[in-house]
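Number of protein chains: 2
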Amino acid sequence: MKVLITGGAGFIGSNLAQRLIHEGHRVRVFDNFSTGQERFLDAVRQAPNFELLRGDLLDPAAITAATDGVDLVVHLAANADVRFGTEHPRRDLEQNTIGTFHVLEAMRTTGVRRIAFASTGSIYGEPEVFPTPEDAPFPVQTSLYGASKLAGEGLIEAYCEGFGFQAWIFRFVSILGEHYSHGHVFDFYRKLLINPGELEVLGDGHQRKSYLYVQDCIDAMRLAIERADHRVNIFNLGADEYCEVNDSVRWICEELGVRPRLRYTGGIRGWVGDSPFIFLDTRRIRSLGWTPKLSIRDAVVRTLRYLRANPWLLEARA
Amino acid sequence: MKVLITGGAGFIGSNLAQRLIHEGHRVRVFDNFSTGQERFLDAVRQAPNFELLRGDLLDPAAITAATDGVDLVVHLAANADVRFGTEHPRRDLEQNTIGTFHVLEAMRTTGVRRIAFASTGSIYGEPEVFPTPEDAPFPVQTSLYGASKLAGEGLIEAYCEGFGFQAWIFRFVSILGEHYSHGHVFDFYRKLLINPGELEVLGDGHQRKSYLYVQDCIDAMRLAIERADHRVNIFNLGADEYCEVNDSVRWICEELGVRPRLRYTGGIRGWVGDSPFIFLDTRRIRSLGWTPKLSIRDAVVRTLRYLRANPWLLEARA
Chain A
22 MKVLITGGAG
32 FIGSNLAQRL
42 IHEGHRVRVF
52 DNFSTGQERF
62 LDAVRQAPNF
72 ELLRGDLLDP
82 AAITAATDGV
92 DLVVHLAANA
102 DVRFGTEHPR
112 RDLEQNTIGT
122 FHVLEAMRTT
132 GVRRIAFAST
142 GSIYGEPEVF
152 PTPEDAPFPV
162 QTSLYGASKL
172 AGEGLIEAYC
182 EGFGFQAWIF
192 RFVSILGEHY
202 SHGHVFDFYR
212 KLLINPGELE
222 VLGDGHQRKS
232 YLYVQDCIDA
242 MRLAIERADH
252 RVNIFNLGAD
262 EYCEVNDSVR
272 WICEELGVRP
282 RLRYTGGIRG
292 WVGDSPFIFL
302 DTRRIRSLGW
312 TPKLSIRDAV
322 VRTLRYLRAN
332 PWLLEARA
Chain B
22 MKVLITGGAG
32 FIGSNLAQRL
42 IHEGHRVRVF
52 DNFSTGQERF
62 LDAVRQAPNF
72 ELLRGDLLDP
82 AAITAATDGV
92 DLVVHLAANA
102 DVRFGTEHPR
112 RDLEQNTIGT
122 FHVLEAMRTT
132 GVRRIAFAST
142 GSIYGEPEVF
152 PTPEDAPFPV
162 QTSLYGASKL
172 AGEGLIEAYC
182 EGFGFQAWIF
192 RFVSILGEHY
202 SHGHVFDFYR
212 KLLINPGELE
222 VLGDGHQRKS
232 YLYVQDCIDA
242 MRLAIERADH
252 RVNIFNLGAD
262 EYCEVNDSVR
272 WICEELGVRP
282 RLRYTGGIRG
292 WVGDSPFIFL
302 DTRRIRSLGW
312 TPKLSIRDAV
322 VRTLRYLRAN
332 PWLLEARA
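Those protein sequence lines, which keep their order, are chains A and B. Quick note on the working numbering: the first sequence kicks off at 22 and runs consecutively. Quick note on the working numbering: the second sequence kicks off at 22 and runs consecutively.
In short, the hints are calculated from the structure, not lab data. We put the CB at the ideal spot given by N, CA and C, even for glycine. The reader is advised that the hints may include incorrect statements.
[Stated by the list, open to error] Computed spacing ranges between beta-carbons, pair by pair:
1. A:Thr130 / B:Arg284: 54 to 60 angstroms
2. B:His109 / A:Phe298: 38 to 44 angstroms
3. B:Gly185 / A:Arg338: 28 to 34 angstroms
4. B:Asn216 / A:Val150: 41 to 47 angstroms
5. A:Phe54 / B:Arg112: 30 to 36 angstroms
6. A:Pro81 / B:Tyr285: 37 to 43 angstroms
7. B:Arg229 / A:Ala64: 53 to 59 angstroms
8. B:Arg112 / A:Val150: 44 to 50 angstroms
9. B:Val150 / A:Phe298: 46 to 52 angstroms
10. B:Arg112 / A:Leu73: 33 to 39 angstroms
11. A:Ala86 / B:Pro217: 52 to 58 angstroms
12. A:His109 / B:Pro69: 38 to 44 angstroms
[Unchecked claim] Computed list of chain A residues with no C-beta within reach of chain B, every gap over 10 angstroms:
13. Ala82
14. Ala86
15. Asp89
16. Thr107
17. Phe151
18. Arg280
19. Pro281
20. Thr312
21. Asp319
From just these sequences and the hints, can you work out the full model?
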């Protein structure tokens, strides 16, 4: 199988590239390196079945050329910065919604019909049902990021109906693991490096969140694409548990051997659009035989160890 | 109250302008006249509290100028052509999704915080619950039009959360009545004028659809904006009944006094993305005291009489 991974130099994309190359597939990575990292591709760069294209989703010619000749597009490229959406509303629209449209049009032009898409649990807004299933009540969006991913899902579904595409849509919780380069573990670790005596925690620390280890995430994506054969296949991906931000803070501090004074910014949300409780129902993907191998705690610790072993990443993302 | 109506020279917009002017409000219409009609504004053009601005939603400066100084934006401008979405996928994205984004950014720039939005029952795709309530299970999109309106809703909701906007989102069934200028009554009437002996019906004629008379629609919108005071207020708007396409064909033929041979194109859908059953649960708007005054049959007949009395419209929309 020949696979195009948009955002293939990013966190999840580079791990997926590695896995697919290892399995013997041909992989083409398309990335603009706005947040992707050259070094994330070190393990695959020399492989004969690997190809790297530098380009931007907002350049239709570039993404069309990248799509040509592949069997499957795994569309991961996105502005994944949930928290600062209100500072630049255009970014989510352009990079996520319009970017996805360009991928779909490129596929239509080149005759590629299969797409896997990284969506988000944020799409459920602030749901009333927990764990939240894929067919939860019609959600109300609370972030520009969620809105842009919702728009991407809708476009993909319409292309499935209108142009005979087949899609696998994955609604992720926050992913942890190797090549992780933004999110709360990253932020806490950086803050504690600077000042191990105090840690600012956004919100009241009681926000409940679910996470998933990146290799578990990739297992699930691989399995779903292989086994689920509807026209539109939608899967929640997350751990079968959640933790409080305070739990995560404790695990991080234990691992680092620090005992900072905690300073909460207050409120049940860490920022505008922050969902105080994210916990997805994953029975659908589990029914295919998938189960995550790492607990949230183990995934947090593993992520922290990865960051400690790769100090270059803190500089690159400074 | 000073109200900006985008698409105010269109079918619903021009009726709304007339109503608001009549009630003594100040009305500013913004329209690019791509499908809007000068003559739809004949009843309001001379009113001192009426103002017309020609402009396009894709021109941020024009829509920003139009938004300045109003208390409420009623955003109706859109590509409302559901059926031909697959012939020009970019049109729904640009005119509906990106257009809505420009309206929101214009409002943010000018400090306007209240928006009413024309969404659609098509957003439910092919639902499994009938009548379909506002909190139906998370839908899968089946048309580019539905996808573009879903994206618009999501953007508006995110602006409510992120920027303190307040929104009224209306999910319409097909609207009928004065100034109606596209849809099945229009198509059937035009075909029967050309050939009263035969009528081509898209699909098998058993598609079940709900409709609403435009004045009933405007009553509902006025009431909801006045009475519903959540941050995000979402309302289905439709009749409390549905009919088959065949019923509508019969009413039209009776009114015209023709007995054409019916020729069905077959299939449960009239076209790609056509939903074979649309019937919305309107308990939410009814709980505010609204009830439609015209039956679907009366609305169809009234629409047909309007078209017969206004032959210029068939030419204008040819």
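These are the hints, each one checked on the structure:
no. : hint                                    : result
1   : A:Thr130 / B:Arg284: 54 to 60 angstroms : violated, 35 angstroms
2   : B:His109 / A:Phe298: 38 to 44 angstroms : holds, 41 angstroms
3   : B:Gly185 / A:Arg338: 28 to 34 angstroms : holds, 31 angstroms
4   : B:Asn216 / A:Val150: 41 to 47 angstroms : violated, 53 angstroms
5   : A:Phe54 / B:Arg112: 30 to 36 angstroms  : holds, 32 angstroms
6   : A:Pro81 / B:Tyr285: 37 to 43 angstroms  : holds, 40 angstroms
7   : B:Arg229 / A:Ala64: 53 to 59 angstroms  : holds, 56 angstroms
8   : B:Arg112 / A:Val150: 44 to 50 angstroms : violated, 36 angstroms
9   : B:Val150 / A:Phe298: 46 to 52 angstroms : violated, 26 angstroms
10  : B:Arg112 / A:Leu73: 33 to 39 angstroms  : holds, 34 angstroms
11  : A:Ala86 / B:Pro217: 52 to 58 angstroms  : holds, 54 angstroms
12  : A:His109 / B:Pro69: 38 to 44 angstroms  : holds, 41 angstroms
13  : Ala82                                   : holds, 15 angstroms
14  : Ala86                                   : holds, 19 angstroms
15  : Asp89                                   : holds, 19 angstroms
16  : Thr107                                  : violated, 4 angstroms
17  : Phe151                                  : holds, 15 angstroms
18  : Arg280                                  : holds, 36 angstroms
19  : Pro281                                  : holds, 31 angstroms
20  : Thr312                                  : holds, 24 angstroms
21  : Asp319                                  : holds, 31 angstroms
Of the numbered hints stated above, those contradicted by the structure are hints 1, 4, 8, 9 and 16, listed in ascending order.
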